[in-house]
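Number of protein chains: 2
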Amino acid sequence: MRQVAIVGTGLTKFGKHEKNIVQILADASLAALRDSKTEREKFDGVFVANFASGEFEGKTGIANALTSDMALEPAFASRIDNTSGSGGAALYLGWMSVASGQSDMVLVAGGEKMTSVPTDVATDVIASLTHEEEYKQGVSLLSFAGLMARHYLERYDAPREVLAKVAVKNHENASLNPNAQFQKIITVEQALASPIIADPLRLYDFCPITDGAAAVVMVPAERARSFTERPVLISGMGGATDTHVVSEREDLTVLNAVRRASEKAYAASGRTPNDIQVAELHDMFTLMEIAQSEDLGFFRKGEGWKAVEAGITRRDGRLPINTSGGLKAKGHPIGATGVAQVAEITSQLQGRCGARQVDASVGLTCNVAGFGNNAVVSILERMA
Amino acid sequence: MRQVAIVGTGLTKFGKHEKNIVQILADASLAALRDSKTEREKFDGVFVANFASGEFEGKTGIANALTSDMALEPAFASRIDNTSGSGGAALYLGWMSVASGQSDMVLVAGGEKMTSVPTDVATDVIASLTHEEEYKQGVSLLSFAGLMARHYLERYDAPREVLAKVAVKNHENASLNPNAQFQKIITVEQALASPIIADPLRLYDFCPITDGAAAVVMVPAERARSFTERPVLISGMGGATDTHVVSEREDLTVLNAVRRASEKAYAASGRTPNDIQVAELHDMFTLMEIAQSEDLGFFRKGEGWKAVEAGITRRDGRLPINTSGGLKAKGHPIGATGVAQVAEITSQLQGRCGARQVDASVGLTCNVAGFGNNAVVSILERMA
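Top to bottom, those sequences are chains A and B. Quick note, the numbering used here runs 214 ahead of the 1-based positions in the first sequence. Quick note, the numbering used here runs 214 ahead of the 1-based positions in the second sequence.
By construction, these hints were calculated from the structure, which means they are not laboratory data. Please note that the accuracy of each hint is not assured.
Identical chains blur together in the list; that is why a pair holds if it fits in one copy or across any two.
Capping the alpha-carbon separation at 25 Å, the derived lysine-lysine pairs in BS3-like fashion look like this [to be verified]:
1. Lys350 / Lys379
2. Lys227 / Lys398
3. Lys233 / Lys350
4. Lys478 / Lys256
5. Lys350 / Lys230
6. Lys273 / Lys379
7. Lys350 / Lys256
8. Lys273 / Lys398
9. Lys478 / Lys379
10. Lys350 / Lys478
11. Lys379 / Lys398
12. Lys273 / Lys515
13. Lys515 / Lys233
14. Lys398 / Lys478
15. Lys520 / Lys273
16. Lys379 / Lys251
17. Lys256 / Lys227
18. Lys251 / Lys227
19. Lys273 / Lys227
20. Lys350 / Lys515
21. Lys520 / Lys251
Make a model of the complete structure from these sequences and hints.
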């Protein structure tokens, strides 16, 4: 199995776009090809992460459309849908494609155009990823989030304010990220005063609806330096699932998919949680960042909130989390998110993050699908 | 890179199902697990091929649902959508997963539930995979098929009747396949008298709308004999694309994606077209079977129709094509098709096809997406 490196990244601004899904995927892809100086290279794999272009825009076949619009034929192309974890799954499969020797140059592009439908329609499309029996009862990801947050706060005796502090931190980071959807700083008081969505969670605990795309170019590590002076090694990846039916989980505060995916990724890379110096986690709601920071092994279960209180996950802390602004403030164009997470860590390891730059040579991303029942974890390292 | 073998297959009947997409995927998957005696094994990858569960049934997240319903957690799971080539893409990625050492036991399940929407809605969802500019003009796959067929017949001086003969052959094969949608034998006269759909093509030139699912279990080849006495080696696979915009193709009768995908598959397996003894091709309309038989290298361009006339592609011919009945008569549940093709060839190589059994130890499948602009080719061999 070959080692795989990222040699370029590209993003659109996250927010509202007039362009369609294929066009925003092309914008991010073109940026990634330019960044990696691979515009004239022959690609042999195109992995397009997208959750619901059919439901949101009535468009299918978008992997073929993107490949053709980018003139990347005859590369193999496919769309990868793993709901909110589509980006992670596409990266994982692109990585396997290079690692197995099937491909020497791979584009992974993730994107979603969500503002083309009214918010209630978008929310219903998203809710359709829950288990059928749950969906029939009117349960949505938002209501599950409320249940999980209440359970966590009570069990681990965590203050409600700590969730607001995650949102405040991520907005502050986003204010330094030109591609982020929300550029404004918020306060704990504002977050706590925002409308209730699913008690105890309020509007500022949730990620928004977003259009946007992100892309990366992967090559065998031994070829990486011919494209960039700052390649980033994907030293380990892992994907795993947990029960789809939320009520079947032994413990609502534990994300088994995240635990198992990260165990695989750590084993593949030879790294441990202690080696991670910067991370992008899947904060579709504020508590998710805390729960993942525990299930990834950064902090003990029930103590992730204390790390937020102590400022450990701030940019100037020991382990900065979501320097991009996270899903909360950078935005969450569903298919783009996993790819954008890897793009952010890549840029951090390359020292290209400007005002939000942190000091790190090993980073991690955690992309989650469903209601936490599917996760893909990547470990990235500055190449020696 | 490790060699990969198939140790079990499973199918539902193709036709109309009352069950939903996850349930028919589970039926095929359970059959594949039973066939491979892997019900108690730990799976580490679940690849679910499906084109449009959201559009057809308002259901998303089906890879997670299937994995959980089958109790295959914590296996990595993702849905793979490559339109009509979804099955081929899922197999290709599952194969890479085992070949790269990421997985030791993989389930690839493909399915589609299409009869849940009226035929005109299904046709529109399918048409949305064409290029946006084509779609705006009202072009559908059916009208492209008519253009391609007319072009081929005129250029290569082929008789209209030869297309009917493909349909007749495939219906006859399907009549011996208990899982096929159409069990009835048809005549050339009936095919030629069926209603015109896109001149010169008529109703009996096209595959139907179908519900159904198919599944296979893959393991590293060195472990295959611990599960079955008749493992089938996947000795080569390849995927490739052609221009998405049909008018940009140099020659409307040539499927460049098929040519390039098969070149990769032949190179990987060390086989040539002359080694292939049985094949399942993607006859979404009758001419497609002929065009692919040429672009795969079985016959020279413009001469595939002569092979049909000569009976070479019949069950008793030198190179039987679509012993299952093909998309035409077995049916075409979009996400299932690529997996069902591989299941058919596997069963042929295992000698389990009953009345439609042919004598073969090396076979090929060609799964096509879009309007021929994306293809995945697999070469399968009886393990020595």
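Hint by hint, here is what the structure shows:
1. Proximity of Lys350 to Lys379 under the C-alpha cut-off of 25 Å is found in neither arrangement, the shortest distances being 34 Å within a copy and 48 Å between copies.
2. Within a single copy, Lys227 and Lys398 get their C-alpha atoms as close as 15 Å, which meets the 25 Å cut-off; across copies the closest is 56 Å, which misses it.
3. In this homomeric assembly, Lys233 and Lys350 come within 25 Å of each other (Cα to Cα) only across copies, at 16 Å, whereas the closest approach inside a single copy is 34 Å.
4. For the identical chains of this complex, Lys478 and Lys256 are inter-copy neighbours only, at 15 Å across copies versus 31 Å inside a copy, given an alpha-carbon limit of 25 Å.
5. Taking identical chains as interchangeable, the C-alpha atoms of Lys350 and Lys230 lie at most 25 Å apart only when they sit on different chains, with a minimum of 24 Å there against 31 Å within one chain.
6. In this homomeric assembly, Lys273 and Lys379 never come within 25 Å of each other (Cα to Cα): the closest approach is 39 Å inside a single copy and 35 Å across copies.
7. Taking the shortest Cα distances, Lys350 and Lys256 never come within 25 Å of each other, neither inside one copy (48 Å) nor across copies (31 Å).
8. In this assembly of identical chains, Lys273 and Lys398 lie within 25 Å of each other by CA distance neither inside one copy nor across copies; the values are 33 Å within and 36 Å between.
9. With identical chains, the CA atoms of Lys478 and Lys379 are never at most 25 Å apart, being 31 Å at best within one copy and 53 Å at best between copies.
10. For a Cα distance limit of 25 Å, the shortest separation of Lys350 from Lys478 qualifies neither inside one copy, at 35 Å, nor across copies, at 46 Å.
11. Taking the shortest alpha-carbon separations for Lys379 and Lys398, only the intra-copy value of 15 Å comes in at or below 25 Å, while the best inter-copy value is 68 Å.
12. Taking CA atoms no more than 25 Å apart as the test, Lys273 paired with Lys515 passes in neither setting, with 42 Å inside one copy and 33 Å between copies.
13. In this homomeric assembly, Lys515 and Lys233 never come within 25 Å of each other (Cα to Cα): the closest approach is 43 Å inside a single copy and 41 Å across copies.
14. With identical chains, the CA atoms of Lys398 and Lys478 are never at most 25 Å apart, being 37 Å at best within one copy and 51 Å at best between copies.
15. In this homomeric assembly, Lys520 and Lys273 never come within 25 Å of each other (Cα to Cα): the closest approach is 45 Å inside a single copy and 39 Å across copies.
16. Taking the closest pair of Cα atoms, Lys379 and Lys251 never come within 25 Å of each other, the shortest separation being 40 Å inside a single copy and 51 Å across copies.
17. In this homomeric assembly, Lys256 and Lys227 never come within 25 Å of each other (Cα to Cα): the closest approach is 27 Å inside a single copy and 42 Å across copies.
18. Taking CA atoms no more than 25 Å apart as the test, Lys251 paired with Lys227 passes inside one copy only; the shortest distance there is 21 Å, against 50 Å between copies.
19. For the identical chains of this complex, Lys273 and Lys227 are intra-copy neighbours only, at 22 Å inside a copy versus 29 Å across copies, given an alpha-carbon limit of 25 Å.
20. For a Cα distance limit of 25 Å, the shortest separation of Lys350 from Lys515 qualifies neither inside one copy, at 32 Å, nor across copies, at 54 Å.
21. Taking CA atoms no more than 25 Å apart as the test, Lys520 paired with Lys251 passes in neither setting, with 44 Å inside one copy and 48 Å between copies.
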